[in-house]
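Just so you know, the protein sequences line up as chains V and S, in that order. Sequential numbering of the first sequence, starting at 1, is according to full-length UniProt numbering. Sequential numbering of the second sequence, starting at 1, is according to full-length UniProt numbering.
Source of the hints: derived by calculation from the structure; they are not laboratory data. Every clue listed holds true.
Listed next, with one range per pair, are the computed distances between beta-carbon atoms:
hint, chain 1, residue 1, chain 2, residue 2, range
1, V, ALA557, S, ASP455, 53 to 59 Å
2, V, GLU501, S, GLU105, 53 to 59 Å
3, V, PRO65, S, GLY505, 56 to 62 Å
4, S, VAL178, V, GLU390, 35 to 41 Å
5, V, VAL184, S, GLN370, 23 to 29 Å
6, V, SER525, S, ALA489, 55 to 61 Å
7, S, GLU143, V, ARG558, 25 to 31 Å
8, V, SER488, S, GLU143, 53 to 59 Å
9, S, SER393, V, GLU205, 26 to 32 Å
10, V, GLU205, S, GLN370, 37 to 43 Å
11, V, ARG457, S, ASP413, 51 to 57 Å
12, S, SER393, V, VAL184, 20 to 26 Å
No more than 25 Å apart at the CA atoms, straight line, and that leaves these computed lysine-lysine pairs for PhoX-like:
hint, chain 1, residue 1, chain 2, residue 2
13, V, LYS338, S, LYS338
14, V, LYS338, S, LYS313
15, V, LYS313, S, LYS338
Note that the Cβ used here is the ideal one computed from N, Cα and C, for glycine as well.
Protein chains: 2
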Amino acid sequence: MVPHLVPRWPVCLFRWRAACTLGACVPQSAWARASRTPGPGSPRGAVGTSPLVRRGGSSSSSRAPEVMLTRERYPVQRLPFSVVSEEDLAAFERITPGRVVTDPEELEASNVDWLRTVRGCSKVLLKPQTTEEVSHILRYCHERNLAVNPQGGNTGMVGGSVPVFDEIILSTALMNQVISFHGVSGILVCQAGCILEELSRYVEERDFIMPLDLGAKGSCHIGGNVATNAGGLRFLRYGSLHGTVLGLEVVCPAPPPQVCTLLHPQVLADGTVLNCLTSLRKDNTGYDLKQLFIGSEGTLGVITAVSILCPPKPRAVNVAFLGCPGFAEVLQTFSTCKGMLGEILSAFEFMDAECMQLVGHHLGLVSPVQESPFYVLIETSGSRAGHDAEKLSSFLEHVLDFGLVTDGTLATDQRRVKMLWALRERITEALSRDGCVYKYDISLPVERLYDLVSDLRARLGPQAKHVVGYGHLGDGNLHLNVTAEAFSASLLGALEPYVYEWTAGQQGSVSAEHGLGFKKKDVLSYSKPPAALQLMQQLKALLDPKGILNPYKTLPARA
Amino acid sequence: MVPHLVPRWPVCLFRWRAACTLGACVPQSAWARASRTPGPGSPRGAVGTSPLVRRGGSSSSSRAPEVMLTRERYPVQRLPFSVVSEEDLAAFERITPGRVVTDPEELEASNVDWLRTVRGCSKVLLKPQTTEEVSHILRYCHERNLAVNPQGGNTGMVGGSVPVFDEIILSTALMNQVISFHGVSGILVCQAGCILEELSRYVEERDFIMPLDLGAKGSCHIGGNVATNAGGLRFLRYGSLHGTVLGLEVVCPAPPPQVCTLLHPQVLADGTVLNCLTSLRKDNTGYDLKQLFIGSEGTLGVITAVSILCPPKPRAVNVAFLGCPGFAEVLQTFSTCKGMLGEILSAFEFMDAECMQLVGHHLGLVSPVQESPFYVLIETSGSRAGHDAEKLSSFLEHVLDFGLVTDGTLATDQRRVKMLWALRERITEALSRDGCVYKYDISLPVERLYDLVSDLRARLGPQAKHVVGYGHLGDGNLHLNVTAEAFSASLLGALEPYVYEWTAGQQGSVSAEHGLGFKKKDVLSYSKPPAALQLMQQLKALLDPKGILNPYKTLPARA
Chain V
1 MVPHLVPRWP
11 VCLFRWRAAC
21 TLGACVPQSA
31 WARASRTPGP
41 GSPRGAVGTS
51 PLVRRGGSSS
61 SSRAPEVMLT
71 RERYPVQRLP
81 FSVVSEEDLA
91 AFERITPGRV
101 VTDPEELEAS
111 NVDWLRTVRG
121 CSKVLLKPQT
131 TEEVSHILRY
141 CHERNLAVNP
151 QGGNTGMVGG
161 SVPVFDEIIL
171 STALMNQVIS
181 FHGVSGILVC
191 QAGCILEELS
201 RYVEERDFIM
211 PLDLGAKGSC
221 HIGGNVATNA
231 GGLRFLRYGS
241 LHGTVLGLEV
251 VCPAPPPQVC
261 TLLHPQVLAD
271 GTVLNCLTSL
281 RKDNTGYDLK
291 QLFIGSEGTL
301 GVITAVSILC
311 PPKPRAVNVA
321 FLGCPGFAEV
331 LQTFSTCKGM
341 LGEILSAFEF
351 MDAECMQLVG
361 HHLGLVSPVQ
371 ESPFYVLIET
381 SGSRAGHDAE
391 KLSSFLEHVL
401 DFGLVTDGTL
411 ATDQRRVKML
421 WALRERITEA
431 LSRDGCVYKY
441 DISLPVERLY
451 DLVSDLRARL
461 GPQAKHVVGY
471 GHLGDGNLHL
481 NVTAEAFSAS
491 LLGALEPYVY
501 EWTAGQQGSV
511 SAEHGLGFKK
521 KDVLSYSKPP
531 AALQLMQQLK
541 ALLDPKGILN
551 PYKTLPARA
Chain S
1 MVPHLVPRWP
11 VCLFRWRAAC
21 TLGACVPQSA
31 WARASRTPGP
41 GSPRGAVGTS
51 PLVRRGGSSS
61 SSRAPEVMLT
71 RERYPVQRLP
81 FSVVSEEDLA
91 AFERITPGRV
101 VTDPEELEAS
111 NVDWLRTVRG
121 CSKVLLKPQT
131 TEEVSHILRY
141 CHERNLAVNP
151 QGGNTGMVGG
161 SVPVFDEIIL
171 STALMNQVIS
181 FHGVSGILVC
191 QAGCILEELS
201 RYVEERDFIM
211 PLDLGAKGSC
221 HIGGNVATNA
231 GGLRFLRYGS
241 LHGTVLGLEV
251 VCPAPPPQVC
261 TLLHPQVLAD
271 GTVLNCLTSL
281 RKDNTGYDLK
291 QLFIGSEGTL
301 GVITAVSILC
311 PPKPRAVNVA
321 FLGCPGFAEV
331 LQTFSTCKGM
341 LGEILSAFEF
351 MDAECMQLVG
361 HHLGLVSPVQ
371 ESPFYVLIET
381 SGSRAGHDAE
391 KLSSFLEHVL
401 DFGLVTDGTL
411 ATDQRRVKML
421 WALRERITEA
431 LSRDGCVYKY
441 DISLPVERLY
451 DLVSDLRARL
461 GPQAKHVVGY
471 GHLGDGNLHL
481 NVTAEAFSAS
491 LLGALEPYVY
501 EWTAGQQGSV
511 SAEHGLGFKK
521 KDVLSYSKPP
531 AALQLMQQLK
541 ALLDPKGILN
551 PYKTLPARA
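Construct the entire structure; sequences and hints are all you get.
Okay, here's the thing in C-alpha cells:
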C-alpha cells in the first residue's frame, strides 16, 4: 500500500512544502564562490568578511574574528627552511613577473583555510601561468631550501591547503586553461587551476559531465581535486579518480638522479617536469607513476595539468528524497535500490534528523517530506527518461509497500533537483554556523555506519550541542560532526582518540575522502600499518629529498 | 529502411549460420584450462603436448617442438645472482615442505610461456600456501642474492611470467582461497592464486560479477591480473583495476629501512609484508601504495592477496554481432551506441575480415553474419531485460537505417552469447595456429586505430601471411597481429621500430594492456619520457634494492 502521504507515486512529482527564503537559498556554488574563491582581482575575496563561512550564529558583523595562528594553536615546530629574502622576491619577480603577491591583506585569504581553523603567516604568494614557471619556482626553492605550499581553490577540510608557518604559497589560480577536449572519447586535458564547476559547464556544453562533483565545485581546482583524491557525490557511479584520471603532468622539486646514483641520490637542482599527461584509456608501459600523486596532497609534486575521462551526459536525471523510519530501513532501501535501479543509480546519500534541523535552523531550508529519523537522497542518471522513470517508480512503490520509506518526493527538472541536493550539500555550511565543529570523515562497513553516531551521542551527552551523521552511504563514507558553543579541550578529549580507535576497531579508514592534510596527519597509523608508513616516508624522501613541498602535512613528523 | 538481410529486427533473434563442429567449439575456458594451467596434480599440464597452443598448422603431433631458450634467442646477459645450491633447496624444503619442485619435466610448463616464445631454465619451483611463506622465501632469497620469478597462471603475452635464466619460480597456484565476500557491498577478498573464472563463478552465485573478464580466465590468477593491470573485455564498463582494486597485500624483498637512513638505505634482510588489504571504497590516509604494485609485473613485490569491488550481476545480457561496411562506419556505430545504449553498454569490440577468416580456417567457427570488411560485437548488461531490449532495438534500427551496419545477429541466452563471444575471444588462438605471430598491443586515438593496420599491409606486402587488427575499440585498444610461415629477421626489421614509431607519433601507448614483461621492456621509452623512466628505476631500487624480483622484465637494462 502506498501511504497517503505520497499521493502521486509513481507520477513524477515535487512536493516542496515551503519555499526557501531568498537569503537562505543562495545557490551553493555562488555561496562557495563568494566565500571561498579569492578572485584574481580581489584575492582576499569574501573570506574575511562573509558571514557565511564564519562560525557562530551571528551574521551581522562585517568582519570575522581573526583565526588563531596554527603555530600558536598546535604544538608544531618550524623546520629549518630558509626565510624569504629580498633577493628571493626579486628572483620570483623574474620568474613570474607582476604575479608575486606580498600585500598582507591580499595574502590573508590564502593563509587561512575556508573553515577558518588554521592560519599560516606566509609573506609571499606566487601565481605561475605555465608549467615551466612552476618548474623554475621549484628549482629555485629547492636550491634555496625554501618551503612551498601548493594551493588550489583552498577548499580542503583538513588544513592541507594553507601554510603552517611562512611557506611560499604557489597558487594554481592562473593555470586555468582547457588544453584539449575529445568529443568522441570524452577525454578532457586541462591545466590544474581550472575550477571544477567551470569544467563541468565546459564539458556539459559538449554532452559530457565531469566524473566528480562536490559541494565546493564553485571554487575548487581540478588539480587540488586530484591532489587530494576528492571523492564527492558521483563516486558511487563513476568511481575513484585513480580510475578516471588518465594522465598527469607534475613538477617535482628534485629530479630523478642518474641511474648510477640511485642508492645515494645526488640531487640536481632542477624542478623536474614529469609529463605523464597521456590521453589514453589504457597504457601499461611501466609503473603507473601518476597514481603516486593522486591523493598525495601536494607533498610529492605540484600537479600542473590533468587528463581526465568524462562520462557522457545523462539524458535524464531524477532525484528522490525519502524519509526512513530507522537506519536499518536506510540500509534495506540501499540494497533494494542497488538491485532495482541497477546501472542508473548515481548517488545514494543519507542524513539524520539533526542534520535536517540544522539546515532548517541556520539556512531556512525546509524538509520536503514529513519529519523522519533519517532521510535519503537517491539520484538516477540514465540515457532514456521513460525507462528511468519506470525503474524508479517500481522501486519507490516497493520501498513504500515494505515500510522502508514513509514519505518521499521526486524531482526531475533541474531547478528542483538542485533544491533537493541543497538539503544534503549545505549541511557543512549549516554546521559551520552552529558553533565550533569537530569534523570526522570516516569509512566504515556500511552496516556499522551509524553506530558510531549513536554511540557518541550517548558518550558525549550535554557536552555536545549536536552530534550528526550524514554522507555517502553508498560508498560507506560517514561524515560525523559534533558541534559545541566553543572549543573545549575536554570535549576533544572525549572525542579523540575514541573516534579513531572505534574506527580502527572496525578496520575502517580515519579519512575516507578529506585526506590528512595538517590536522589529521598524526592519525594515519590508525588506518595504515608501520611498514606502509615507512614506505610513504621513503617515497617522500625520494621525490622531495629536502622536504620543501607542503611540509607538516600528510605524514607524521619524523621521530 | 531495414535491409532484407536482417529480417527480424528488432525482435530478439539469433542467426547462427552454421553450427560449430564439436572439435572447434571446445569452450574457450576449457581450452585455456587444458592448455595453460598446470594443475596441482599434473603441473606440466598440457602445455607441452596440447596442439591448441602450438604454432604451426599441424595438430597431429603428440609433442610440440622445443622452444628455444630465451638466453639463446635474445641478446641478454645473466646478472650476477647466486645459483641455487643444495643448501638452498634444503632451506626451501623447510619453508614450504613438500612443495619444492625440482623435477625437470614438471618444471617445463613453468619455464615456457603459453605462447611458446620464451623459455627459461629454472631448476626450482616453490609453491607457498601462505603470505608468511612468501615472506620467508623472499627474505631468504634476498639474503642469498637469488633471483625470483613470481608466477600466476602463466598466461601473459610478453614473456613476463617465466624465468629468463635460472630464476626461482614462485608460484601462487596453491594460494587459492577466498578470504571473505561481503554480500551488500560486493567486496571480495581472496588470495592471489585464485583463478579468475573460479572467482567469477563464486561471486556470480552470490549475484555479483568480477569487474574484469578476459580470454585467459580459465587459468589466469587474480594476483597476476592485478600485477599486470589486466584490461580485458569489461574494461569499457567497469574501468581499470586501479579503480576497482580496493586493497592489496604485497611482500617486498627488502623492508622499508628505518626512517633515519632513508637516503642511504640500510637494508634489513627481511621480506616485508605490506598489508594494505582494506575492504573500503574510500581511504585517503596517506599515499595509495597499492597503486604502485598494480601493473608492476611482479618487479616490485609479490602480490599475495587482493581486495576487489565486484559489480552487481546484470539481470539481462545481450550480445549483438554486426557487420560494418568500413572502419568509418565502425566508428560511427560506436558513437551512436554510446549515445543510445548509454549506461547498459558493457563491451564494444571489433575485428576485421581477416580475423574472421582465421577463426574460420583454424577453428572451424563460422561467421553468423554475411561477409563484411569489419565486424563489431556489442554487449549490453542491464538490470531490466525489457528496457535493454528496447534500447538495443532502437539502436539497431538506427544503425541499419543509416547504413552503418549491413547485417547483424543478436543473442540473449547464455549459450549463444558465449558462441558470439568465442568469435572474438578465440582470435588469439587462431593466430597462434597460423604460424609465427608478431603481436602488438597498442593504444591509439580511436579515429586512427585502423590506419596502422592498413598502412602495415601495404608496407609488408607478401612478406606477411596475414596482417590483422581487432580489439577493444571502446577503449582505443588495437591488437595488431602479423603472421608469417616462420620467423624472419627481415620481417621483424620491417615491423620494428616502425610500429613503435608510428604509435609514438600518435601519442599512443606501445603496450595498452599486455604490459612490457621481457619482450617489450626496451620499447618503454616510446611511450614514457626519460624523467618517468628514471623515476621507475628509482622505485625499483627502493623496493627491491638487489633487483632479485622478476629481473630482466618491465624496465630496460641499466646502461
